[in-house]
Structure formats: C-alpha cells, structure tokens
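Here the protein sequences come in this chain order: A and B. Each residue of the first sequence is one higher than the last, beginning at 1 in this note's numbering. Each residue of the second sequence is one higher than the last, beginning at 1 in this note's numbering.
No wet-lab data here; the hints were simulated from the structure. Backbone N, C-alpha and C fix where the C-beta goes; we use that ideal spot for every residue, glycine too. Warning: the hint list may mix true and false statements.
[Unchecked claim] Beyond 12 Å from chain A on every Cβ pair, some chain B residues (computed):
#, residue
1, Arg62
2, Ala65
3, Glu91
4, Glu261
[As the list claims (entries may be wrong)] Calculated lysine to any residue pairs in the SDA-like style (CA-CA distance at most 20 Å, straight line):
#, chain 1, residue 1, chain 2, residue 2
5, A, Lys97, A, Leu78
6, B, Lys97, A, Arg275
7, A, Lys97, B, Glu161
8, A, Lys97, B, Val14
9, B, Lys2, A, Pro231
10, A, Lys244, A, Val261
11, B, Lys2, A, Ala187
12, B, Lys97, A, Val261
13, A, Lys97, B, Asn153
14, B, Lys2, A, Lys244
[Claimed, not checked] Footprint (simulated), chain A over chain B, 3 or more residues, beta carbon under 8 Å:
#, segment
15, 81–88
16, 151–161
17, 185–194
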Amino acid sequence: MMERENGNRFVMPAVVMLSLVTIYPLLSVLYLSLHRRLPIFDVSKFTRLDNYRFLLTDDRFWNALRNTVYFAATSVTLELLFGLGIALLLNRSFRLKGVVTALVLIPWAVPTVVSARMWEWMYNTDFGILNYLLGMKINWLGSPFWAMNAAVFMDVWKTMPFVVILLLAGLKMIPREIYQAARIDGAGAWPIFMKITLPLLMPVILVVLILRTLDALRIFDAVYVLTGGGPANTTETLSIYAYKVLFQTLQFGYGSTLSVVIFLCIGSLSILYLRLLRAEGSR
Amino acid sequence: MKRAVFYLMIACVVLWSAGPLLWQFATSLKPDAELTRLPPILPPEPTLDHYRALFTDTTFLRIIANSAIVSSCSTALSLAIGALAAFGLAELNVSAKRFVLLFVLSASMFPPIATVSPLYLIIRGLGLRDTWWALIVTYTSFSLPLSVWIMTNFFRQIPDELYRAARVDGCGPFQAFIRIMLPLAAPGVVTTAILVFIFSWNEFLFALTFTATAKSRTIPVAIALFPGLHEIPWGDIAAASVVVTIPLIILVFAFQRLIIEGLTAGAVKG
Numbered sequence: 001m002m003e004r005e006n007g008n009r010f011v012m013p014a015v016v017m018l019s020l021v022t023i024y025p026l027l028s029v030l031y032l033s034l035h036r037r038l039p040i041f042d043v044s045k046f047t048r049l050d051n052y053r054f055l056l057t058d059d060r061f062w063n064a065l066r067n068t069v070y071f072a073a074t075s076v077t078l079e080l081l082f083g084l085g086i087a088l089l090l091n092r093s094f095r096l097k098g099v100v101t102a103l104v105l106i107p108w109a110v111p112t113v114v115s116a117r118m119w120e121w122m123y124n125t126d127f128g129i130l131n132y133l134l135g136m137k138i139n140w141l142g143s144p145f146w147a148m149n150a151a152v153f154m155d156v157w158k159t160m161p162f163v164v165i166l167l168l169a170g171l172k173m174i175p176r177e178i179y180q181a182a183r184i185d186g187a188g189a190w191p192i193f194m195k196i197t198l199p200l201l202m203p204v205i206l207v208v209l210i211l212r213t214l215d216a217l218r219i220f221d222a223v224y225v226l227t228g229g230g231p232a233n234t235t236e237t238l239s240i241y242a243y244k245v246l247f248q249t250l251q252f253g254y255g256s257t258l259s260v261v262i263f264l265c266i267g268s269l270s271i272l273y274l275r276l277l278r279a280e281g282s283r
Numbered sequence: 001m002k003r004a005v006f007y008l009m010i011a012c013v014v015l016w017s018a019g020p021l022l023w024q025f026a027t028s029l030k031p032d033a034e035l036t037r038l039p040p041i042l043p044p045e046p047t048l049d050h051y052r053a054l055f056t057d058t059t060f061l062r063i064i065a066n067s068a069i070v071s072s073c074s075t076a077l078s079l080a081i082g083a084l085a086a087f088g089l090a091e092l093n094v095s096a097k098r099f100v101l102l103f104v105l106s107a108s109m110f111p112p113i114a115t116v117s118p119l120y121l122i123i124r125g126l127g128l129r130d131t132w133w134a135l136i137v138t139y140t141s142f143s144l145p146l147s148v149w150i151m152t153n154f155f156r157q158i159p160d161e162l163y164r165a166a167r168v169d170g171c172g173p174f175q176a177f178i179r180i181m182l183p184l185a186a187p188g189v190v191t192t193a194i195l196v197f198i199f200s201w202n203e204f205l206f207a208l209t210f211t212a213t214a215k216s217r218t219i220p221v222a223i224a225l226f227p228g229l230h231e232i233p234w235g236d237i238a239a240a241s242v243v244v245t246i247p248l249i250i251l252v253f254a255f256q257r258l259i260i261e262g263l264t265a266g267a268v269k270g
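Using the sequences and the hints given, assemble the complete structure.
Structure, rendered in structure tokens:
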C-alpha cells in the first residue's frame, strides 16, 4: 500500500492566517492589558495589574456583565423553547413545507444591522407598528425596563432559525420505528414527547444551548445598532463596553483588559463545548 | 380540526418570520409624509422615491460595490485556502493533525471584540486602513474555520480509492486535488461559498472599525450610520434594507438544502 504523502504544505496557509487573527491578537491584548496606553496622547506605560484591579471596582464593567448575562439567559431560553416548538411543527409533513422552511430561515440570512434598524423602526414610540398593533404607547427603546427586553426579542427573531435548523436535524435522526412502537403501545402525544423525543434530542439541545450561549455572550452589532448601549447603559453589554473603551475613548490598555476578560469567559465555555463534542464523538 | 390548528400555527410562524421584513418593505414604498401616519399599514399610493434616491446616490452605489467586491474576494480566498487545508486534513498526513483540527474549531469561537484592537493596530501600521484589503484579509481569516470544517467533512465522504487511483495514474497530490477531489466535493464548495459570502456581506464590527469613508465602507456600516440631518430617514433606510436583503433571500430560496446542511455540519459533526 502506498504511503500517504505529507500534507503540511496544504494546511500551512490556513494555519498561518488563523494564527494571525487569533494567537497574535491574543498575545497582543494580554500585553496591552498590562499597560496604560492612550495612543492620542502618546502615553504608553507598563502598569502591571493596575487595569485588572481597576476592573474589579469598575461599576460599569459589572453592569455590562449583568446585562450580558441577562441578555444571554433570556434570549437563549426563549430561542430554545420556541425553536423546539417550531422544529416539532416543521418535522411533520405538510404542503409547501419547503417554502415555509425557507421563510423560517430568512431572518438568519438578514444582515444583523438591517434587522436592528428594522426593529428600531417597529419599536418607534409614535409611528412604530408594534405600538399600533398593541394599541399602546410604550417607549420601547427609551425606557430602561423595555430596552433590554426589546433587544432580546430582536435577537430571538434573528437567531431562532439557527436553533430550529439544528433541532430539526436532531429530530430527523430519531428513528421512526421508536415512535411507531410507542404508538402501538397506546402512548399519547405528551408522554411520547417527554419519554422519547426530549431525551433522544438532549445531546443536540445541549450543543445548541452552548453554541447559542457563546454567541449571545459575544453580542455586539445587534444591540449596538439598536440602542447604542442606552438608555443610561441599561443595554450596554461587555462587547459594547469594550468597544467604547477601545474606540471611543481610545484607552487601548483598559480596553484590552476587558477583551481579556471576555476572552476568558468565552474560552471556558468553549472548552466545555469541545469536551461535550468529544464525548459525543466517542460514543 | 386538528389539521386547521396545525396550519394556523404554521401561519403564525410564517408571519413571525416574514412579517418584520414585509413591514420594512411597506415602509420603503411610503412617501415621507405617510411614514408618520398609521393606519393605513399598507401604502395607499406606493412610491419608488426612496429607491430612486438610493440609486441616484453615487455614494450608495460605491458602497454596494465595496460590499460586493469585499464579499466575493473573501469568499474566493477563503475557499481556496480552506479547500487546500481541508484536503490535507482529510486525505494526507499532517503533523499534529488532531491539534490542528482543535485549533481550527476553537478559532471559530474566538470573540471578535478581543481581536479587533490588535488587528486595527496592524492594519493602521501597514497603511491599510480604509481599504478593501483590510476587510478581505480579515474576513478570509475569520471564515476559514467554517470553510475548513465543512469541506473536510465533504472530502472525507469521498471514497479513498478515487484519490489513490488518481495517484497511481501519475497525478501529483496537487493535481489529484484539483482534477479529482475538488470537482467531487463541489456541493461542499458551494455550501461553503454561500455561508462565507453571507458572513462577509453581513459583518459589522470589523467593517465599522477598519473603514472610515465611502472608499471602503460596506453596506452594514452605511445602514448603521445612515446620515440624517434632523431626523432618521426611515424610508431610505427601509429601501436600503430591502435592496441588500434581496440577494440573501434569493440565496436562501435557491440553496435552502445546502445552507441547512452546512449549518448543521458546521455545528454538530465532531
């Protein structure tokens, strides 16, 4: 049998480019996070862990962390609940199923910025269709209570298709014979769902849960365009705060510290996800 | 009866998915004076004024061209580099293969905000700020995990014998890749191309940071920063939204099955 050739040179360009946008920035951010760096004033000073110490007492950071966790928890929960419902609907056979599935997929393809501006217009207090349909005058984006939830609804609209697609793929992997056997035994729809569908779907649900949480914790563009973090920082997420520190106040040192913290949060969750995938693969 | 409830629920799902876009479309057809009037929901006298305003605005045309060029170049580069890597990982001996695969997978989870400032400093240092290249290189790199991942899965499905036969017939590995393997993996290549194109077309954070003027600005940034002197021009924004979303809707309807396969492969297959 012929020996396999070495394929390193095929893989090399991809590895180099990926390192350039991951490993290098990570090292650079770690380095910068130990500095006080204000490029416009030509200030660059090594300050050891000062930035990290400041972070611990920075109310705006804790506020952003709370907002991010709230955003991720509520949007991912809603997406999973409704996404599962829609996936169960689409798993049946009916007329025009292809068209309906494509329509369900559309919000996923809509640019995030377009979706944000679209919802901004729908949320408009005076002329928005939402208040018109509800017959109310809610100041969706101007009130601290509603603004964050308005951002959550928008995100649910935009990303639920992804959840539906993955859950639908999971549902298709459940063998039909199991359902037939259960029905012959006289099991009702609800027990079948609880005892068969849900447990067999659990691995996929877990994967979706972690992937979506990873995404939601990184949330930037949708909320940044919808509210800019306001009113009064009530929708300011970690990424938005870091972005403002980096590119509006140009504090590259402290901004990098925030980036490192975001990286650590996402990183630990990613490790969990990779473990899960490996456990799946070895089964 | 049960059937009726089922179709009612499907109707609700469709309305939820398509409703906001339809409302945006209706808005784009309303003259400015009508925008602040509800009802009617649908414009009584639809007008194409907002579209006319867009397409006679050279800045907007330039921005669409920027987006098209950046997205196509990123897609082409990501496919080329990604396919090479995927072929190597699927068919050849690669040192530390497990580690490379793990690296590719974890790179896909990198939070962009953690990388944007160092990349900004490099790009500024190289004098590439406000150019297409800044975005092309960034999008190519950030879409590589997706490209490599999906195409590796596709290459693995191709029977090994085909590659070996090509080699026995005297093809070098590179020739075998171009002539035999790549055509066979065509569905994977198309799937990847669609997903990478949509990613590049929609990306906002890097585009916002690396561009400064209409010279390189892409559509999402333009829509986010839509100029408004006194009030937000909702009609123009709606028209622009419709224009940039139509290509994506066409892609979704034309390649629904491939997109679904790609999304699933990108997420679940280990």
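Hint numbers not upheld by this structure, sorted from lowest to highest: 3, 4, 5, 7, 9, 12, 13, 14, 16 and 17
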